[in-house]
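Protein chains: 2
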Amino acid sequence: MNIVLLGSGNVATHLGRAFKLAGQSIVQVWSRDIEHAKELADTLASEAISDLDDIDRSADFYIISVKDDAIRDLASKLKIGDKLVVHTSGSTGLEALEGVSSHTGVFYPLQTFSKNGAVDFRQVPIAIEASNPEDVALIRAIADRLSERVTELSSAQRKALHVAAVFACNFANHLFAIAQELLETENLDFDLIRPLIAETAQKIQLNDPETMQTGPALREDMEIINSHLEMLDDKPELQELYKKLSQSIVNLHQQSRG
Amino acid sequence: MNIVLLGSGNVATHLGRAFKLAGQSIVQVWSRDIEHAKELADTLASEAISDLDDIDRSADFYIISVKDDAIRDLASKLKIGDKLVVHTSGSTGLEALEGVSSHTGVFYPLQTFSKNGAVDFRQVPIAIEASNPEDVALIRAIADRLSERVTELSSAQRKALHVAAVFACNFANHLFAIAQELLETENLDFDLIRPLIAETAQKIQLNDPETMQTGPALREDMEIINSHLEMLDDKPELQELYKKLSQSIVNLHQQSRG
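Line by line, the protein sequences are chains G and V. For what it's worth, the numbering used here labels the leading residue of the first sequence as 1, then goes sequentially. For what it's worth, the numbering used here labels the leading residue of the second sequence as 1001, then goes sequentially.
Please keep in mind that the hints were generated in silico from the structure rather than gathered at the bench. It should be emphasised that the depicted structure is a prediction, and the values quoted were computed from it without experimental measurement. The reader is advised that the hints may include incorrect statements.
[To be verified] Straight line, CA to CA, 16 angstroms or less: simulated EDC-like cross-link-like pairs of lysine to aspartate or glutamate: (1) K243/G x E1240/V; (2) K67/G x E1148/V; (3) K243/G x E1237/V; (4) K1243/V x E237/G; (5) K203/G x D1120/V; (6) K1020/V x D1053/V.
With the sequences and hints as input, model every part of the structure.
Pasting the structure below:
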């Protein structure tokens, strides 16, 4: 299968590598910035292009993997006739590709990709979508080459999944960064808390997070909560977050009991 | 070594088990509720008591592992003469044990304990503290029997560590629970997101969380952020959390660049 990859960011990079590992051919890498295109194309033994007119119209599969807010703009300039074109966004509807081709779909790998660092793509859930069943079957066949965890989701479902991932991954990672900041104010190493974070994520692999909740907010231990808020007096933003998250824990707990 | 354990909650349970595995003797388990004391004492081949007058004064080590807001009250009723007495709280100062004994300290295992579920105590960081160096040495010798990761911390450092743990563990787990709630509104299984959570925690075992940050807030992708906020229109509490956490990501990022 011949693939054209539009984009050169983290998702494009990991998808490119995974397709290449699976024995597929990335014939072209397009990026607005030719240097970015070259950097990725070199690792994929692929041609780098930055002009949309240079796109090879004879490939089998076109993957648009650019920033979410650039998809519509790129799509408006792209005509691929009747070839299969997908985007890789969690929160962008299928309709964003309208007019690009008569066969469009979504190919959303749900993982947190950093530029470096290997990913076992076999375990990465891929959410797929297309308007007609033939395209769904085609996209599924392609996704199956990369991952054992391919699921067809509607645009609404994929969007809910993306928002859930923002909370569980992006926001959780930010809480880890806040923890590091707090430790540093007392000259403590982040290593002290790494095992705790590993265990917290491990516990919910087999259990529901709500049943695994612990801490002062769940116990409504106001003495501790107030002493923590006092400690955060000179960090009003973190103090506010502490309050909101504690209140949210109390509310969820009351809701599930009530 | 003979140990008296005051408390019967998660921390007391896991400490009792760990000390027993390490070949120490838990001679008594005290709880205000004799049934709770019995339940734990049975698993430790120990005597259950609920009257503080029944405490064996001839033991070597007394561990107060009750709710943080009950420590001072319990301490005010307890006189152990010159034996070594510790509490296990992250956010309670050493002075809470004043008057209980002439040898007091803190023995704070930093882990998220659920009642069931085994913990490899060798890897659990234990933060210790005492006023005089002899007591620090004694407590360290005891902690070393359980864990490879024993650190002496001041009360201020331990408190910062506890607040950091609340963010990185309690609050992060709550975000996982929110993610599950969001998935359920679209009839999606939490399994879809479990690999992502595992990877998010894995990535920061070798990297700093700030450098691992991804997502729409970091990119300041307002189109996606606004579409997510719109999706949360009927969940004002989550909408508010989404805003605050996104803003906090932007601020931290600007701060580290500026």
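Results of checking the hints against the structure:
Of the pairs offered as hints, the one joining K243/G and E1240/V holds, with about 12 angstroms between alpha carbons and a cut-off of 16 angstroms not exceeded. Distance check on the hinted pair: K67/G and E1148/V sit about 45 angstroms apart at the alpha-carbon level, beyond 16 angstroms; violated. For the proposed pair K243/G and E1237/V, the alpha carbon gap of about 12 angstroms is at most 16 angstroms, so the pair holds. Of the supplied pair hints, the one linking K1243/V and E237/G holds, its CA atoms being roughly 12 angstroms apart against a limit of 16 angstroms.
As the CA atoms of K203/G and D1120/V are separated by approximately 13 angstroms, the hinted pair is consistent with the 16 angstroms bound. For the suggested pair K1020/V and D1053/V, the alpha carbons sit about 24 angstroms apart, so the restraint of at most 16 angstroms is broken.
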